[in-house]
Amino acid sequence: MSAASETAPAPRRVRPFYWSVRRELWENRAVYLAPLAVAAVALAGFLFASHGLAQELRVAMGQASGTVHDTFSMMTERNGARVTTTLSPSRTAGFAIVIPYAATSFAVLVTTTLVGIFYALGALYGERRDRTVLFWKSLPVSDTTTVLSKAVIPLIVLPLVAIAVALAAQLLMLAWSFAVVSLAGMDPSELLPRTHIAAISTITVYGFATLAIWWAPIAGWLLLVSAWAKRMTVLWAVAPPAALSLFEFLAFRTDHLWRLITTRLHGGDNAFQAPPSGPHFDIDRLLPDPLRFVSDPGVWGGLVFFAACLAACVWLRRRRDPI
Amino acid sequence: MACIDAKGLRKTYGRTVALDGVDLTVEAGRIVGLVGPNGAGKSTTMGAILGLTRCEGELKVLGHDPWAQRDRLMEEVSFIADVAVLPRWMKVAQALDYVEGVHPRFDRAKAEMFLARTTVRRGARIRELSKGMVAQLHLALIMAIDARLLVLDEPTLGLDLLFRKSFYDSLLNDYFDGNRTILVSTHQVEEIQHILTDVVFLDRGKVVLALKMEDLERRYAEVAVRPEALAAARALGPIYERQGFDRSLLIFETDERTRLASFGEVRTPSLSDLFVALMSPAPARAEEAA
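Just so you know, the protein sequences line up as chains E and S, in that order.
For the first sequence, numbering that gives the first Met the number 0 assigns the number 0 to the initial residue and increments by one for each residue that follows.
For the second sequence, numbering that gives the first Met the number 0 assigns the number 0 to the initial residue and increments by one for each residue that follows.
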């Protein structure tokens, strides 16, 4: 051994995976800023309308009749005339109380999904395009560690951020509602069940988590495209599956692939008990069914596909040159 | 054990032959300049040594096969592949944090010390730095890594003269200690000539010349030939001839300096002149020498 290695201090312990994930968050601040911004907008809108909250609660409790908040009548008309006519005033008011919580979860989910799509498409493409891959590769971080650190962003980090942000926003809404209702001289405990917050937060936590697993193969495919493509990642992401579906349709007169893709894109309802059919959608009856989810072969097939995509990403990152 | 031991490296991209049987041995503790025209195979050779490119042939770097054992090798090998590859979105402090977090041989205090000599602010994003400052930052990061081999591929390309000079000065004064090995490629041969211990000329995927700097004097001589002695000097078969101010400058591959002294003043050719002499197309050389 040379003198250099004898006099050198013992190598420090390092955490390449941890720092690689942090690196991703430094570069992609949208991972947490975008859902925070959307939640802030939702909160602002909620605060703007909160002066009518006490009246809505009175109507919902049957203590007052009359107009409910405009927000709601607009929502129901969009949902179709049938819904509007079947709802009693107390029920519509109740709906107006629950809407902000459900809409916040939904908006945060849409935002993190979009962030995840753009993140995954750029993850292994951007570093080749700006040649920084040569810097990353000059450090003792393996391709496997790098690919895994990029895969956990859509699979784990974004769902966790979405859950945390949605729950925090809903908690603030709830606290504000309690204050408004109490100041109006009403009992806040009348409000709590009408927010359906227990059901909504359960759906948020459980639904976001299962959806992340259900959509993992999509994230894997987008990461694979980002490791593969030399340009036009969006086209590479969409065109091959669409072309194969078209081929299958014309060659065999079947649409298995197309249905596989659309089922996957739609997805998510296999994690819940099948809702009973009826004119009203009742959020309290949307119940988690983990057993149904884990016994769906589509879930496991998707995870296998995801793992295969990651393996291909590692292989490609080794061999692809900067663009 | 040699630091780098390459035998018969071959690499083709489609029909283009990038490396055509490169043999290269670099002993530990040397500073080796890899010199060649564009497309000579310098970057491909370096890519092979760093395990970035897969080549045919035998290659051992610090006893490892760079392609198969790349992750381990990178703990002992550092490289700067290009001046501008530090991520533009990164903050200087984040770059320090990250390298400290992933590299077991990175000495943060050392990097901070090198940075303190520059005007690079810790809170700045890399996109806000000038090209020279980015190079200073990259060098500070690299010099704080206790590596056994440092590979630099055109590390000063596009930098102004002052930055280039201070880059190589700090490399020599603050980093090189006789146990480390440095492999550097550059177009500005004359600027690094004084720090090199060895030089390798590469042309069209082949090693044209591998020379210890102390052998340069023994093997090559440049003579400023007086006009009346030109015919006699040419008869000795110079490998290159060019016109000086009032003398013809002839380069010979010979150790008989006393005999050449009769034609005019004899000196050791600069690496760049020798490079031009060896790289000029062979017919032109023969024509000029004839």
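In case anyone wonders, no lab produced these hints; they're calculated from the structure.
Owing to the predicted nature of the structure, the values given are computational and were not obtained by experimental measurement.
Accuracy of the hints is not assured; some may be wrong.
What the hints assert, rightly or not - Stretches of chain E that chain S covers, calculated by requiring three or more beta carbons in the stretch to come under 8 Å of a beta carbon on chain S:
no.	stretch
1	96-107
2	133-142
As the list claims (entries may be wrong) - Residues from chain E that keep clear of chain S, each with C-beta distances beyond 12 Å, as calculated:
no.	residue
3	V13
4	P15
5	S49
6	G125
7	A174
8	P187
9	A310
10	P321
Think of the CB as a built atom: it goes at the ideal place given N, C-alpha and C, for glycine as much as any other residue.
Please settle this one: A310 (chain E) was flagged as non-interface, so is its CB more than 12 Å from every CB on chain S? holds (16 Å)
So is P187 (chain E) really clear of chain S, every C-beta pair being over 12 Å apart? The assertion about P187 (chain E) holds, with a minimum of 45 Å to chain S.
12 Å cut-off, C-beta based - A174 (chain E) kept clear of every residue in chain S: holds (36 Å)
Is the nearest CB of chain S more than 12 Å from the CB of P321 (chain E)? violated (9 Å)
Using C-beta distances, would you say chain S covers the stretch 96-107 of chain E, given that this needs three or more residues below 8 Å? violated (count 0)
Outside-interface status for G125 (chain E) - nearest CB in chain S farther than 12 Å: violated (9 Å)
Non-interface claim for S49 (chain E) versus chain S (Cβ beyond 12 Å): holds (39 Å)
Is it correct that the beta-carbon of V13 (chain E) has no partner in chain S closer than or equal to 12 Å? It is violated; V13 (chain E) is separated from chain S by about 5 Å at its closest Cβ, not greater than 12 Å.
Okay, the stretch 133-142 of chain E and chain S, do three or more residues pass the C-beta test at under 8 Å? holds (count 8)
Beyond 12 Å from every Cβ of chain S: is that where the Cβ of P15 (chain E) lies? violated (4 Å)
Violated hints, listed in ascending order, are 1, 3, 4, 6 and 10; each of the other numbered hints is respected by the structure.
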